[in-house]
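Novice: Quick note, our numbering runs 1 ahead of the 1-based positions in the sequence shown.
No lab work stands behind these hints: they were computed from the structure.
Do not rely on the hints blindly, as some may be mistaken.
[To be verified] For lysine-lysine, the following DSSO-like pairs were computed, each having C-alpha atoms within a straight-line distance of at most 30 angstroms:
1) K12 <-> K24
2) K12 <-> K166
3) K66 <-> K24
4) K166 <-> K17
5) K166 <-> K24
[What the hints assert, rightly or not] Simulated DEER-style distance windows between Cβ atoms:
6) P106 <-> R63: 21 to 29 angstroms
7) K17 <-> D160: 17 to 25 angstroms
8) D14 <-> Q129: 37 to 45 angstroms
9) Q44 <-> L115: 15 to 23 angstroms
10) P107 <-> D43: 34 to 42 angstroms
11) D45 <-> L115: 24 to 32 angstroms
All figures in this text were calculated on a predicted structure; none of them were measured in a lab.
We put the beta carbon where it would ideally sit given N, CA and C, even for glycine.
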Amino acid sequence: MHSMPSLGSAKHDWRKWARSTRKATPDVSEDVIQHLAQWIYDQDIQHVLTYKAFGTEISLERLPKLLPEVSFYVPKAETEPEPHMTIHRWETATQRHPLGMLQPPPGTPEEDPLVLQLVLIPGLAFDQQGYRLGYGMGHYDRFLLSLARDCRLVGVTSDALLVSKLPHEEHDVPVQWIVTEYGLTGTNSGF
Numbered sequence: 002m003h004s005m006p007s008l009g010s011a012k013h014d015w016r017k018w019a020r021s022t023r024k025a026t027p028d029v030s031e032d033v034i035q036h037l038a039q040w041i042y043d044q045d046i047q048h049v050l051t052y053k054a055f056g057t058e059i060s061l062e063r064l065p066k067l068l069p070e071v072s073f074y075v076p077k078a079e080t081e082p083e084p085h086m087t088i089h090r091w092e093t094a095t096q097r098h099p100l101g102m103l104q105p106p107p108g109t110p111e112e113d114p115l116v117l118q119l120v121l122i123p124g125l126a127f128d129q130q131g132y133r134l135g136y137g138m139g140h141y142d143r144f145l146l147s148l149a150r151d152c153r154l155v156g157v158t159s160d161a162l163l164v165s166k167l168p169h170e171e172h173d174v175p176v177q178w179i180v181t182e183y184g185l186t187g188t189n190s191g192f
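With the hints as extra help, turn the sequences into a complete structure.
Specialist: Structural data, given as structure tokens:
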């Protein structure tokens with residue numbers, strides 16, 4: 002496992018560290034799912050954007066089964082004409098993306114992102130202010146700006162990948178909550 006980079010290090014170095022740390026970290030998916038299911042139920046949330054995990058990401062695959070009364074959606078990353086995301090019903094994610102995750106095939110009807118009450122966001126790492134270390138394409142940052150102001154943003158990570166501070170840029174959108182195997186924690190974000 003690589004040692005944690007300093008704050009002044011390039012995002013590339015942080016990504017290298019995060020990938021190495023994630024590979025060495027036990028799977029905490031089931032603990033995260035249990036915390037999220039209870040929180041979503043308690044908050045009476047009805048429309049949730051989640052994701053289809055790939056590689057060593059925390060898998061939330063069982064979450065829709067635990068909350069059948071909730072409508073779940075998945076993102077589809079698009080690169081043309083410029084990088085952006087669309088959202089689709091959870092059950093439409095049936096086509097394997099080149100990176101390995103399942104996503105909706107071309108022609109799948111899009112859903113309105115303004116219905117979303119909660120967005121569950123994967124990342125390589127998160128910091129206490131809610132900033133995310135992503136994969137470098139900016140899909141989520143652009144997408145999050147299109148949501149209703151009262152939509153809750155929750156970063157999904159293991160405690161080993163929750164750090165005090167990550168490098169971030171002005172256009173990066175912080176999450177308000179982070180969920181790990183130990184539960185949900187509010188961040189210091191002002192978003």
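Novice: Does each hint fit the structure? Answer for all of them.
Specialist: Hints and how they fare:
1. K12 <-> K24: Holds, at roughly 18 angstroms.
2. K12 <-> K166: OK: K12 and K166 at ~12 angstroms, within 30 angstroms.
3. K66 <-> K24: 27 angstroms, holds
4. K166 <-> K17: 16 angstroms, holds
5. K166 <-> K24: 21 angstroms, holds
6. P106 <-> R63: 21 to 29 angstroms: About 23 angstroms separates the Cβ atoms of P106 and R63, which means 21 to 29 angstroms holds.
7. K17 <-> D160: 17 to 25 angstroms: 20 angstroms, holds
8. D14 <-> Q129: 37 to 45 angstroms: 20 angstroms, violated
9. Q44 <-> L115: 15 to 23 angstroms: 18 angstroms, holds
10. P107 <-> D43: 34 to 42 angstroms: 38 angstroms, holds
11. D45 <-> L115: 24 to 32 angstroms: Given range 24 to 32 angstroms: violated, Cβ gap about 18 angstroms.
Checked against the numbered hints listed earlier, the structure breaks hints 8, 11; every other hint is satisfied.
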